Amino acid sequence: MAAPPLAIVVWLFFVPFLSSAHLSFLRDGQWSLQNYALVWRLYRIDVLYTLGISLVSLALVIGIAALVCGYLRIVGHRPVEFLFKVPLFVPFVVVGHGMRVLLAPRGTLNSALAQVGVVDLSDPPSIAFTWIGIVISLVWKNLALAVLLVLGAYRAVDEALLEAARNMGASTFRQIRDILLPMSAPSLVVASAFMFTSMLASFSIPLMIGGGEPPHMLMVDVYYRINYQDDLGTANALGMVSYLFAMGAAGYYLRTITVSRSS
Amino acid sequence: MTTSVGPRADVFVRTTLRMAGAVLVAFVIFAPLSSLVIWSFTRRWSWPHPFPQELGLFYWRKVLEGDLLRALESGFLIAVIVTAATLVLTVPLAYLLARYPVPGKAVILLVFLLPHAFPQLPVFVNATTLLYRVNLAASLSGVVLIHMVGALVYAVWTMTAVFRSIPESLEEAAWNLGASRLKTFRTVALPLATPGLIASTLLVFLYSLDEFTGTLLVGSPFVLTLPVYMYRTSVGYELQVASIAALILMLPGLALLVVLERYLKSEYLSMFGRL
Amino acid sequence: MDVRVEGLVKRYGRVAALDGVSMAFASGALTAILGPSGCGKTTLLRSLAGFVMVDRGRILFGAEEVTAVSPQARGTAMVFQHYALWPHMTVFDNVAYGLRLRKVPDAELRSRVEKVLDLVEIGRVTGVGERRPAELSGGQQQRVALARALVVEPRVLLLDEPLSNLDAKVRQRLRAEVRRLQKAVGITAVYVTHDQEEALAIADAVVLMNAGRVVQAGSPQEIYSHPTTAFAADFLGVSNQLAGVAEADRLSVGAQRLPYGGPVRGRATLIFRAADASVSAGEGGASPGHALLRGVLEERLFLGSVYRHYVRVEGETLMVDGAEPVEPGPVTVQVPVAKLQVYAA
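Residue numbers (my numbering), protein chains in the order written: chain A, 1 to 263; chain B, 1 to 275; chain C, 1 to 345.
Since the hints were derived computationally from the structure, they do not count as laboratory data.
Just so it is clear, the structure is predicted and the values come from calculations on it, not from any experiment.
Beta carbons: idealized from backbone N, C-alpha and C, even for Gly.
With the Cβ distance kept under 10 Å, some of the chain C side facing chain A (calculated, not the full set):
1. Arg46
2. Phe80
3. His82
4. Leu85
Derived list of chain A stretches under chain B, where covered just means 3 residues or more per stretch with a C-beta under 8 Å from a C-beta of chain B:
5. 107-113
6. 196-202
One chain only, chain A, in its complex shape:
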């Protein structure tokens, strides 16, 4: 009974996942470390680039969510709460294209700003096709999920605890910083680990908004390596690197869960 669905996942995910390990050590049919050497030579900047973008995006998402949700929890603002749910239902590919037309050198944003005289359309600044465009897109899309999760965690905090702080003189910001955040820390870590992995592994967004010049995000590199160089070995070596980071994040998440369970 369990066999068919499990079989699909095992055959088309688990097996290919394992074969990444195998293939990354193969070059021209021979066992070799060449692929990893190539990764180091050609792609180490990209690795840092990907990590950097993911960390910056994560910091922004968590930072904004922590504050916005604090306001939504303590003061409340139903329309804004609803607005933040919208990006949940916009697929990653649509986000990619939408940001393209918005942030392009002569996109709608710059056109609008040109009306106000902030931007000169003959030499417009280019946000799209740079890391900034990618960060904006990742933040835009992930903020919805972050707000959902953080607000849920905040709502689990007893109102009396916030009232006691207010009674002592705590402003909204202090209530967020001293009460809501510390008490929601485990949930935030879980959300962060998950979002970090997803940002690291993002493909459609950097593909559409990343621009043609290196550096690229890792998934784009894997795609190009397969599509244009037909180099399965190096592509899988890159894949292995990305798996390692994903496992690192997962390990951190598991450690937090077990620590908070035992305390």
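Take the given structure of chain A and dock chains B and C to it, following the hints.
Relative to chain A, chains B and C alone:
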């Protein structure tokens, strides 16, 4: 002694800031989406014009005669097949996991989560090779299979939780009165699990409709879905066409947002962030 | 600090939680607000704290009107029913929080926290400052909550049924503690409770509320011995009620006549406490200054400290407590006229 004018001015400032904040959020949320809307109804727009020079439904007509319709049909068909297959396969499994002490239950549930815990692209690259060997690459069935890899978790986890929440005593009452297990499942468990079934159907359907990575790798070059079509036209600078495709792609999702907001619980909501 | 509220109104939909409440809380006194669930006492307390903003009326702390002031700026300190100690902070940090917000320098902060922990008599518990609230008993947690409230030297101390979450024994002990602390610090305190015994035991003044209104206010002795309405009498545990008719010089209860000199005319309710009455066998006459009722003693229970006699009088069953047991049969029940309350029915 304090006056009462202070608080009133304070309230005014706070209300204004609140409204300004809401407007800012609305702007940020809708900026990319409204750009899509503008481009969908543009006939011609080149710089240095700040606004489209010509608006119109020109591209809508053009698009409906072209590949977009094919992509739409194809994607829709795949989504329907994926949803049906997923539900048929996972509902019995979910019932088993919910009701019986299956060995390695936690491991089984986690296996379904794997495709969302690790980067999909490199794995799907290798999966494409595997599918190629059995002649399923670049075929509809191959795409259906690759969609199911990621979609199964939504159905399995949701339906297991739903079945677990139905009190066993309700089924025991039916057995007690003489109903067979199958009949009980059909007439007691399944109807009670309907909200979960609806949620799973919607989650899986939307996942398949929006899936990009697997479709790009496995489906190329013959199988076209809307996300892939949108991607190709976007990087090909057919901005109007891509925007129209994007708008169409967003509609099921936004309709779902409204449905969920009104009818279903927000725990299902958090699964959406992973689409 | 004198606290006054004038004409407070607070509505939730159609329900008026506060329906025109005016009262004064004397400076340095502990005022108990007593009443059944839903009477508005908690709403009143929370509006003093600023957690609830009233629809109409004024709240004054001394000469300052604070009706529209935010809870952060009011200078009150509340002790919550479920303590509301922050679980992720140590006892020390919990108590010090208010002082830290006021930017009190470290040395002074430390000494003030230690002093107040001693004041609530928890400073002696070893290493209490570094413990988390979850490691303490209920009674200890409430002491910490008190400490947290007192350390900031608030203008008004607000207590929201602070002891109802504790065991009976702990409650008795802490009751006296709370009173001692309030007197030692000399702070104006407002104490909400539904337990009349608690209110009478610790308060300087008692305010009885029902359905969003003040029913009666006065000293505990006054409220206890002279409840001015049937509701008040009932709430304060006056156990015996009889229906009667009041005239200029007498009170008719069924076929019996009692002397009467009060102002009520027409249908009336008589009440008196079981402990104020006495019962004796036979058919004797009334002692001077007493009202007499004849009835039949049906049942007698031994309660340990007294015998409780159940006497049937004119169709009603009355309770009379006495140290000596009386045998079932025809009896007379006597109540000192001063302890007999009569209200218009």
